Amino acid sequence: MSTQPSNRFVDTEPWVDTSDISAPERKEFDAPAWLLMWRSFRRHKLALISGIFLLCAYLILPIAGFIAPYTPNERKPEYLYAPPQSINLWHEGAFIGPFVYPITAQADLENYRWTYTTDETQPLPLKLFCEGQSYKLFGLIPSDTHLFCPPDGASLFLWGSDRLGRDVFSRILYGAQLSLTVGLIGISVSFALGITFGAMAGYFGGKTDWILNRIIEILRSLPELPLWLALSAAVPSSWGPVAVFFIISIILGILDWPGLARSVRAKFLSLREEEYVKAAEMMGAKPGRVIRRHLLPNFMSHLIASATLSIPAMILGETALSYLGLGLRAPAVSWGVMLNDAQNLASIEIYWWTAIPMLPIIVVVLAFNFLGDGLRASLDPYKS
Amino acid sequence: MTPLLEVDGLTIGFGKADPVVRDVSFSIRAGETLALVGESGSGKTLTCRSVLRILPEAAQIRSGRIVFAGGDAPVDMLRLREPEMRQIRGDRISMIFQEPMRSLSPLHRLGNQVAEVLRLHRSMSRSEAKRTVLQKFERVGFTEPERIWRSYPFELSGGMRQRAMIAMAMVAKPTLLIADEPTTALDVTTQAQVLGLIKTLQAETGMAVILVTHDLGVVANMAEQVVVMSGGRVMESGSAPEVLGHPEHGYTRKLFAAATMIPEVAAPAREVPHKDLILEMRGVDKTFALRARGWRKPTTVTACKDVNLEVVRGKTIAVVGESGSGKTTCARMALGAVLPDPGGAVLFYSEPGAPPLPVHSMSASQRSAFQRQAQMVFQDPYSSLSPRMRIGAALTEPLEIHGIGSRAEWRDKAAAMLKLVGLNPDMMTRYPHAFSGGQRQRLSIARALTLDPKLLICDEPTSALDVSVQEQILRLLEEIRDRASLSYLFISHDLAVVARIADEVIVMRAGVIVEQAPPETLFYDPRHPYTKALIAAQPEPDIARPIDLELVAKGAGAPSTWPEMFRIDGGVAPALQNVGDGHMVRCHV
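Here the protein sequences come in this chain order: U and X. Numbering-wise (this note's numbering), the first sequence opens with residue 1 and increments by one. Numbering-wise (this note's numbering), the second sequence opens with residue 1 and increments by one.
The following block holds chain X by itself, in its conformation from the complex (with noise of 0.2 Å):
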């Protein structure tokens, strides 16, 4: 059987540098799935999208051949003109963005924009387009297709928004689909449900997908062919089940062995006794005031409600949650960033037993010292570090500001600072962004440390890095919570991330904690509807545990929609009510 599409000995560079992609060559058949796997800077990217040809305009295409036997005979698409390859693109070989949010036309209704591919290519008329397009619509999962048809882009989530892109891109029913990070920029249960849609699409209508991705779970639910890359070459390549199963390459190991998963539990941890807490926030809720419009009153949005969270002392406690789910807002009131509604108390102990501070309403010579003893660690290390300020003046400036100690000092402690992070002193002189994303979040860790705190609080810190460099930051956050006696309050929307470095867990929906246990007991007996559909919806690096869709879709949908127990309707929220050992779960009982 001819393969569909056959990329042989691909090479690209820019300029006169080094080639980024060396002699790639790998080939898909009719109705597979290929994953290309890597990191950053692997190369993945420009090998798939040389495909259609949409590269950025430095990059040359310096030898290769790309056959792709979809048409009426194999063509090079290397060679094709291009009228030719307009032909192509949308036609037979579609394309599924990362962005969701960038990738749909802000200014044009879904349906025009969908229905486009089909005028373009089918030469259809108006009201078959639309017929047509409808009818994906439905497919993809929309209820209302004819809403969908007159929406605009913004008025969806992020997932719909995917799902609209898919429809686009599978409406002319093309026979290869390339989808670049397709899920990446989801929440976890989203992206198991948009993985599922592919998969059953693909199932009907037989073509073959090109899946780019870094996600070793995405790639036992979907592949069929597995091809590593790493620094523009391929490591290894051949059958999913051959090289998840047995992986031959140091490389592909290495991958392996940073892959965070969800634990199988034996047995649920016991309670610990919350006693020496470092930071408690008790009752608080917090609304926002949308801006008034016009004559009518302003509405309010509620971002968090009702919660209560206890920091212990040298622990990790970890708030999960998919995106608009609270906690970033509670990140931000934990350090007196964002004041909560009146009524609710944020108060941190700076040594046990000593009176509380109240973060809520703190004086300035408070808040300064509040300071000294909580900071933060931030999700996008490209964003966090001044692109003006060398890495020493970054790292002294919190000693400058609380004017501690003298100038030669502060570099003394800015250099340990780095050696504390694993990084050689000699950084100091340069610029952030000369270093790479792992790099610089080790240096905004560092930067966060340089005050000696005594609680930090991390927003995502590993979200925006690459699987292998996020287990070692992850590890180092480990190191230094133990070394430093530090107590962490970490935000995330990963479990799987949460169950190798937390003590507690708290998983929150739509501004409300769901359920709270330790990962152990979490792992081992999830309660609530949204914390099974989160575990079920985590891609685990292993063909035999593929995602669990119906579980998902019980957990995930509207809080208004799940069980009579755990339902939340019209504000009306069930208690959170202790079922044992610490394990907290708002249902009713």
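Just chain U, same shape as in the assembly (with noise of 0.2 Å):
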């Protein structure tokens, strides 16, 4: 430092005008896009766990008969409304692993219930890899395996059974496989929708344009559960569940795409104002190539965070339209068909397990939300 007379300062430190002009100025950002994303992401811790917790849902369905103890419809008629039961590892002081106390029903006359007396004595010793009744796995093997089965002469419901005895937790497991891909399946379809049509009122603008945005509209303005509803109302009740099913996802498709196109326009509208575009039109590009090299590119990211934040809502569409007994029917199991048992207000009183299927869609449309806040925060990696 030397401050000379009169307020002058001049650095003293030796000073080189070095730079090369090829070292990148911002090494952080010296990354493919997913990259920084994913840098940016991992910051949200509750996103995080949301999404890791999401994955490992999706990955258990395929083998969801291997983890539940029962099928969905294996019927124990000597456990009805039986409540949750709980696996022990210490019976009076020793240690002997997982094992339950039998449960033995009795009708209480008086109050027109049943009731369940623990018979702890008697530590019956859960069997694991044990043969059970037999399922699919992965929809195509047979098998009879199951990860843990109820000893002989007992039950084993963790989260209870509802009235015609069969196990809520195998049915939550299995109801997961529809439940789960009711919303993806849904999603295709919204996407698929929305970005045509998205696409086509961005790019082209002027009538389409107009157009698209009347009908778009009209779809929104009309009531969405009685058309849910009169939809429903259509599917013939001689098909089978798998083809409700796939009705069912693709009328909340149908119903959700004129959202997701408005959001894809809007984003072709700002896009097509950035100097990439223009300079790629003015290349000679065809509006196809701007459209797949540039404009998709870049806002695919944006596309799969309102996609995540609008799958609880088909969720919570098939769970609203089963629950109505319109949507998906017995005996194919989802989380609405299962809540559809827990209408009657008295039962939830006497046996509350049978509103059990509540927690995993709370959970589920929970974690969505947050996985699609925290990817819709991290979109622009670049900004710091």
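Some hints here could point you the wrong way.
27 Å max Cα-Cα, derived DSSO-like pairs, lysine-lysine [stated by the list, open to error]:
id, chain 1, residue 1, chain 2, residue 2
1, X, 413, U, 286
2, X, 413, U, 27
3, U, 207, X, 297
4, X, 16, U, 45
5, X, 254, U, 27
Source of the hints: derived by calculation from the structure; they are not laboratory data. Here the structure is a predicted model, which means the values were calculated and not measured.
Both chains come to you apart, so use the hints to assemble them.
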């Protein structure tokens, strides 16, 4: 430092004008966009946990039959409305591994309800990798090995059993197979429609844009629930559960696309003003190429985030329809179908565990929302 | 005399990284103007924002003191509690931001926004506040303060908004005004007027001003004290005549060397014969129809009127004008991206003597052939490269589109182009976002050159860049032009930039060409009041040559206020007259 008279200051550290014009100025951005996004996404702990949870949930779907001790429609007539049982490890101070105490049902004829007594003297160890009823692994490979089964002469209802004596826990696992995939199928349908129409409106503008916008507005002005009801009521009751499932998810997708089309259109309009798009057009790129190479990659991440945020709506839609008895029907199992059994307020009051399927719905919907929020926040990795 | 504000050993950092502002010290006395000069990333904005403690959330002030003596007793701004801080903000110290568009709330009337300061700090009654604000509006140069009181920000032009912003900053009579690049987003004539306004107001109220800027010309016109910053550190500071007159630090000297200036010209240029043209625009008009509302007839806006322009092969023609002068529309018409109104002709001659290609009515195959010969360099280096494409892919894309050569040839060509613009071919696998504005502008020049075009249209290629980088890019453009015998149509708002690169300058205002001449002639003998205003408004980094505000005011007003000889009124414009040696002026003879 040298401060000269009259307040003059000149930095005395040696200064050389060396600038390597090929060196990246911001090293932290020297990576593909997805990597930058992942780095900033990692910082959203809640979203990260939700993402991992959802990933696990979806990975479990094909092997649900292996994890569930019972099959979905396996009835135990001697255990109607059995309460949740706990798995214990210690019996009278001694460790004997996972076991359950047997329960026996008694009809309480005064109050017209089932009551259960637990026999705490007799620990019955669980069987591991045991044979049970047969199911199909990945929907293809027949198998009858379960991760764990009830001991002989006892039951294993982790989350209780319902009015027909079916295991709620197993049914939730099986129900997830339908309830979680309905969102994915619905979102693919809605994506296909939304991107096509949104891109058309955004790219061609003018009359096309006007007409599509009016169609979107009309679709959005229709009251949702009655429309769902009408459409699902139109599904012939003679159709099998799988056909109904597909129709339901497609109906959900068809009703969801206008929102997506709007956001695609808005994004298109703003991206079209970017100079790299203009540059490509002036190089002679055709509309198809501009859309594919320049527009889509740059808004794909926005789409994924908005899709993540609309899957919960689909899951809830399926649940609502099935709850009202207009979506999936028995023998198909979904969380909505299970809740259909819990419509009776009195039975929830006495047998509260029949309402347990609400829990996975809440958790999954929340997880999707957290994940979507995290994704949205890390969409623009170049802002720091 | 104790300083009004003293910044001592200020160090600011983000997270665990090295500090971005290191040990910055300076002081400012009451009534003085201090200029904080530096390029982007020099830490000048963080420094001035730390005075009001409006830093980004992640920034931490690691050490230092900022003592403000404008109140009753000197206080350390960094240790003040938030309520006390609020008392100072807007009252004792106020701030003007760079973007007049975004610093005013679009939903509130200007009057209410400006009066809010008074109602917060002075607890004035409504009518009294209004009277004060109206006076202030008059002071900052609004002729109808009542109308401005009632209007919303979007109803005003950029310069008007910045005036309103100044009124807002000044209404509580602060002792210190911090102006963060207050004129960077404005046209040069507006900039001159706004700077003049700040200076007059300062003389009247005796407030001190901290002026943050990258422009040495602005410094020379405004400041008494100068602090030059680079890389978060103070390089040099002192009084303006000393620092500007005898820069001692290498960095300051570099900034001076890079500063563009309008040269003093001794004699006008000779007329160059316009024979071998590459592009010609003949009698081109362009009107845009605004979307019709309700039952009303759609209205039209004239962007260009009667534009005649000739680009000589191997030369640079520059179009200069403020925003809204129609220069960009001209460039887009030259590329065929916008079609002129019927009657106008845009002709491209690919070879000397070749039959012209009508750019205004091309077939698809003609367009494709034309695109290989005419390319564009864009203004904003940050948006002209797709963030999802590797540099290599972006550079080879033109070849891919036109299906020229094989993949290996594309790569070689891209490597050659990178070398041509002075970059290392290793960059091809990287992403553009890792690079600075200057580097990206080089990339976008390289991309435009991949097809070996003959005509390059540059739309303000340097206006988003730092001064020293701007200089490098201009040099690069000159080199390439000579090496590849390119012709340029160069669009700019900056006469000083144009002075350096152009062989012929066209000055546009309100959609018409007002003057056209080689730069030497134009600077030697500007005839049109608007050209004179543009030249006068250019801030020069020389204290001896201040801006002549009177000259600026004469030409910068609406075309209907120009002297009789040049007046354009109600769409009736005089014709372009040749006043000798290829010097064209739009005037009555």
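Practice item. With a cut-off of 27 Å on the C-alpha distance, tell me whether residue 16/X and residue 45/U pass. Key: holds, 20 Å
**Study point:** Pairwise hint evaluation, residue 286/U against residue 413/X, where the allowed Cα distance is 27 Å at most
**Key:** holds, 22 Å
Review point. Between residue 413/X and residue 27/U, does the CA-CA distance stay at or below 27 Å?
Key: Given that 27 Å is the threshold and the Cα spacing comes to 26 Å, the pair holds.
Point to revise | Satisfaction of hint between residue 27/U and residue 254/X, Cα-Cα up to 27 Å | key: holds, 25 Å
Practice item. For the pair we were handed, residue 207/U and residue 297/X, check the Cα-Cα distance against 27 Å. Key: holds, 18 Å
No hint from the list above goes unmet by this structure.
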